[in-house]
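Chemist: Listed here are the chains, written in short residue letters.
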Amino acid sequence: MTEIELPLWASVPATLLLIFGGLLTVIGSLGLLRLPDFYSRMHPPTMGTTLGAGCVLIASMIVSSALMHRPVVHELLITLFVVMTAPVTAMLLIRAAIHRGRLRNRK
Amino acid sequence: MLLTLIVLLPFLGSVCAALLPANARNAESWLSGVVTVACMALVASLYPQVADGEVVRAIIPWLPQYGLTFYLRMDGYAWLFAMLVSLMGALVVLYARYYMSPEDPVPRFFSFLLAFMGAMLGIVLSGNLIQLVVFWELTSLTSFMLIAYWYHRPDARRGARMAMTVTVAGGLCLLLGALMLGEIVGSYDLDEVLAAGNGIREHPWYTPVLVLVLLGALTKSAQFPFHFWLPHAMAAPTPVSAYLHSAAMVKAGVFLLARLWPVLAGTDEWFWIVCSAGASTLLLGAFCATFQRDMKGVLAYSTISHLGLITLLLGMNTPLALVAAVFHMMNHATFKASLFMATGIVDHETGTRDLKKLCGLRYRMPVTATVAIVAASAMAGVPLLNGFLSKEMFFEESIIAGSESGLRFTLPAVATLAGVFSVAYSVRFIHQVFFGPPAEDLPRRPQEPTRGMIVPSALLVAACLLVGILPSRTVGPLLETSMRSILGPDLPAYRLAVWHGFTVPFYMSLVALTGGVALYVLLCFRKKTMVPTPLLSRLDAKRAFDVINVAIVRGAGRLARFLFSRRLQTQLLLIVLLALGVAVLPFLVTEWTRGDMPLTPPDPLFALLWIVGAACAIGAALQAKFHRLAALIMLGGAGLVTCLTFAWFSAPDLALTQIAVEVVTIVLFLLGLRWLPRRLAFDTVDRQTLRARARRTRDAIIAVTSGIGIAALSFAALTRPRQSRLAAFFFDRSVEEAGGRNVVNVILVDFRGFDTLGEITVVGIVALIVYALLRRFRPAPESIGVPRAQRDDVLQGALPERLDDPLPRGYMKIPAVLLALALPLVRVCLFCLLLPGPR
Amino acid sequence: MSGLLHHLPVMPIVVPLLAGALMLFLSEARRAARATIALTSMVVQLAVGGALLYLASDAAPHVWSEGIGVYRIGNWPSPFGIVLVVDRLSALMVTLGASLGFCVLVYTIARWDRPGQPFHSLLQFLMMGLNGAFLTGDLFNLFVFFEVLLAASYGLVLRGTGATRVKEGLHYIVVNLVASFMFLIGVSMVYGIAGTLNMAELTGRVAALSPADRALFDVGGAILGIAFLVKAGSWPLNLWLPGTYSVALAPIAASFAMLTKVGVYAVLRVGTLMSHDQAAASLLGPALFYIGLATLVAGTIGMLSALHLARLVSHSLIVSTGIMLAALGLGIESLTPPVLFYLIVSVLTSGAFFLLTGMTERTRARDSAIATAMHDEPRETPALPYYVAFGVREPDPYGTDEEVGVAIPAAMAFLGLMFVCCVLLVTGLPPLPGFVAKFTLLSTAIGEAAAAGMTKPVWVLTAAVLATGLAGAIALTRIGMSLFWTVTERTTPRLHVLEAAPVALLVLVCLTLGAAAGPVMGYLESTARSLHDPQTYIRTVLAAEAQLAEAHGASP
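Protein chains in written order, with our numbering: chain A, 1 to 107; chain B, 1 to 839; chain C, 1 to 556.
Calculated directly from the structure, the hints in this document are not laboratory data. Check before you lean on any hint, since a few could be wrong.
Claimed, not checked - List of simulated lysine to any residue pairs, SDA-like, C-alpha gap at most 20 Å:
1) K542/B / M481/C
2) K625/B / A615/B
3) K625/B / V174/C
4) K356/B / V531/B
5) K167/C / G672/B
6) K356/B / K527/B
7) K625/B / A700/B
8) K167/C / V584/B
9) K167/C / L773/B
10) K456/C / P208/B
11) K167/C / L568/B
12) K813/B / L92/A
13) K813/B / H99/A
14) K813/B / A97/A
15) K813/B / R106/A
16) K456/C / L823/B
17) K167/C / S565/B
18) K167/C / R567/B
19) K167/C / I769/B
20) K167/C / P677/B
21) K625/B / R674/B
22) K456/C / A294/C
23) K813/B / A96/A
24) K813/B / V73/A
25) K456/C / P204/B
26) K813/B / M84/A
27) K625/B / L676/B
28) K167/C / L676/B
29) K167/C / L572/B
30) K456/C / M180/B
31) K813/B / L823/B
32) K813/B / A90/A
33) K356/B / R526/B
34) K167/C / R776/B
35) K167/C / L563/B
36) K167/C / L573/B
37) K813/B / L6/A
38) K456/C / E183/B
39) K625/B / R695/B
40) K456/C / P211/C
Please work from the sequences and hints to get the whole structure.
Modeler: Rendered as structure tokens:
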């Protein structure tokens, strides 16, 4: 990998955001692993997909702007799409879980 | 030129005969008659040339690089046979005209008859060994069609198949023998083969060649142990039996033996093999003929016996025996064909051929009876007929050959014994049919047949008499010409005379005559004339043939089910195993070495990535059978790891493509899962049996080995310095000539754009197929409705009640609206992504 | 005109592609329009094939140097871009494929192309894949055209209904996917070791490899060979073949007869280019002969066990592949012309035979329970022979033959005649060209056995070939008799001229080839000569590279 020179105003926030986003995702995954129940397990990964991804994307915007010497904001679109679709998938998953719960109750 | 015409004319006639309408009996007969008589005339016209010892030739090149030419060759011997074949053909055509019933579809009959005649003439006039085999098989083919003329009869079909199997197998053996002979001599031309006699006899391949040629000849001429097809071939119409199975086709074998006599004969092997085959057939045929109930059966076995006689003569290794053999070939043809025709007449007029039922026909059919009696006497060897002459020569030769080979008494004894039986069955034949009180319960009232049917038979019988009384004037010169053409200057002196004096052969004939009559009287006395053949009737070739056939089909079926398993797993296992096996082969010779390039330092993150990827892949394989959803998810995981790899190695467009493909594939699989039937409960029982576990272990081992193998190969390939100049070329030319900044994209679109075109076509074709299939797709009615999982929600009001409502109700409304708004935006973004292309 | 001449090599690929694509725009009701486009495309392909044959032969030396035409796609120089190479073998195969395709198309137009099925487009794409595979000079491009070929064949196999058909189709698809996978592995190995995908350059590179590298290259070549063998239908990789080919519709099975030959062509082409000394055997080494022999034996057993004509013909196809592979595996160079002749005859014969099965199926008794049961039954349980099962009583054995024959209507007579011709061609019995092919093969093999040191394999092969002919004759006679000579209620089939004509045409072409065997073998011998002397091929294909190097004045 080539060496890139990043100015300080870009590298420090980007690093902090990346670490923060990574931490959030790790915590979310830990929660996914450890929580007892499906419905409570639904919540932690959303931390990773929304806030975690958001942090990474902001970091990416900062770094790209620094490298390209002009503002680069089209990662915002990604955020938009993720915010729109993540709840939808969550609702569909919960619906399937409800159905499975009902099936189990009937048995 | 004339020669080509002789062979070509019957085939042309055959084609014309096939095109005539179904009931044109007269037209067909006239056509066939003209063709056969024309052939006869052409052959006769060549006699002056042949009589001088010259060989008439006609050569048309066909495949000269491989020694296959269309080469027709007529010497004295071929002339004699050609004359015989065409003369018999003409007589049989005349006979068949009156024999065949008006409702029979005659085009087929005459067409194949003429084709057979053409093929027989081809054998006789052939000057190239391979060409001979071609015509040989052609006679088998036409004989098959003729025997099965009445194909609605099972015995006809069976007889035809039996004949075909045996003679085609013999023909293939003959082909191999001819190939080897050609290899020894260096050419397939008969001239060269005939000149290379000594070289062939001393070659190490002599015995195999001999055996193969003999197999061909003996199967064709129905010699022991291949004689069983001939009696069953009697299911053919009588004209066919008269022509093929007495005069022409079965003579092809002995014709070949005599033709190749200068080349193959003279050794001990020849003597022992041929003589034993001939002698056993001679006795067997004669014995069986005495106990047959069907008139044609008697004649069939008699033919077998006489062919055995000829074979025995040919095996004796002396030139005089050869002369006797050829002479008997001629004689036998005349009297046997005449007898067959007489049998056909009896059959035609009375409606049966059963010797038990027939009796005293001479009162109603005096002319037929006379003709038959004379012919049968020739068969028995009564003096003043041609059969007697050749029998005498046979007895004489048996004495000479016996004394030379140490079989001093055996051979003459065998000959006499055969003569006894031969007289016996001839007498029985005549006595049973024509003598005694007139029969009462025959299907039809017998009467004298039409002149057309009796004339051919009578002509042949007249020839028997003529040859018998004045041999040296009538047949002498012809015989001499033919023998001179085979033996050349070594032709021994012989005398064709009726009376040679009180010699031992004469006594033998006397013994045979009296013995035969005595045997018959004895049988009559003991009332044993109509018993099934003692000792041999249990060996029923018919049943054996059927049983063998079914056994072959069943056995082959079982084997084929094993060899061609229908299970997909077996096939895939075999592919992988074979690939593994073939890939290991080069490493048995050379060792596997890795290349010289230094290894890049391992990147722990990348390794981690691929450990995850490998786990996903293996997990997918393990779960695929029972937990389809889990397997699918892990498949997606493996795909994701591949995407990341592409991104890692700076190929962002590839990564993008890969991820798009992954998503689409997973979605499609999920949709497919919806229609698949649910996993059945009892599948789990199977999983833990030992067999299942062993099988899974086996599969796992093979999979792991293959994986390791490919890894090792890739490692070895990657550690070698890069050989390719392609990369440099692509880098250099990418920007200026192809106009793109991303080399990978440029390769895909420009340098190897043709490949991309092909792949796009593939995708298009598959889409087309899927579209066509879906249009016909009619899923099971119970699976069309709302899935079970969603039915509860219907009750709860979260979903539309019918599938075509635009919006769901309840809590699903919001996501639906959101997505409906978002999708056009997504489309625009995708479009923008795709547009820049290689740049 | 010279522009057209220049672009001739790519036309067999582009024309069917355009035709197939064009037909997709027409609505399905317009059968006549589709048929016209399809026929025009086929005729054009046939004409181009003939032109290529002419140009590649000695008759026109001034157009292409040394009889090999090179067409550079995108005009990139040879080893770097994709090339299409037309030599005698390619031209021959293209013409062969086009003639078979034409006959199949004419047959289909009679009654087999119901609307709602994209048959014509798929057939055109199949032809595109075939022609591309024959014409390409680049390994990966070969893979791509194999894919096109296979994709079109998937669609064609799945035509029609029935559980058996779908199951066999699925098996066919899966097996071919695995084979493509093997192909890819092989190609990547070859590229990794030799560094090029251009077949001509590959030969040069191979010769210069060190022994360790050569072993690796051989492994890649062997895996490649396995992929080709799966396509060619050699045992034990062809367990799918009898099932698939016997349930496919008749014209489709006939077009598939060409597909197995693509595998054999690939073995021949890639093998002869891989090494100078061992001809095609170099691709898999001595294993090729044994695989061929095993295929031969397995196919023969299959032929004896088959109860349906379609299945029998599929097995005879396997047998022909076995003979060709075994003969190629002997490594005797002078065997290549007979093998090629046998290939031509085999393709035309199998095509005619499959088309014939489409017509003879209609003669089956409508309401015979046995017949209907056996028609769709994939499990072949041999019952007693048909004629006994139908309960015809044996006539009086000593009785008369005062029987009257049964007249055959003209349609059955025609079918019977075609059947007999096909039997003779397939089993190699005289006097038809099947025999000529087998004879030349055996005679050359026996002649060269001692010189090549392969006496035992040659004798084994000879015995096997002759035995297979006999077995084929026995099996086919049995089936033929049950088809044409049984006595039950039979419906005389109504034959459409468009159905009968292609069969007759194919048989006639075979007969002409047999009669003109001398000139044909001459052409095939020069084909084989140029195959086994790859220097000309390499020189012509790579010629442009030298020119380009001069033009740019730099060494790549």
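Chemist: Can you list which hints this structure breaks, lowest number first?
Modeler: 8, 15, 16, 24, 37 and 40
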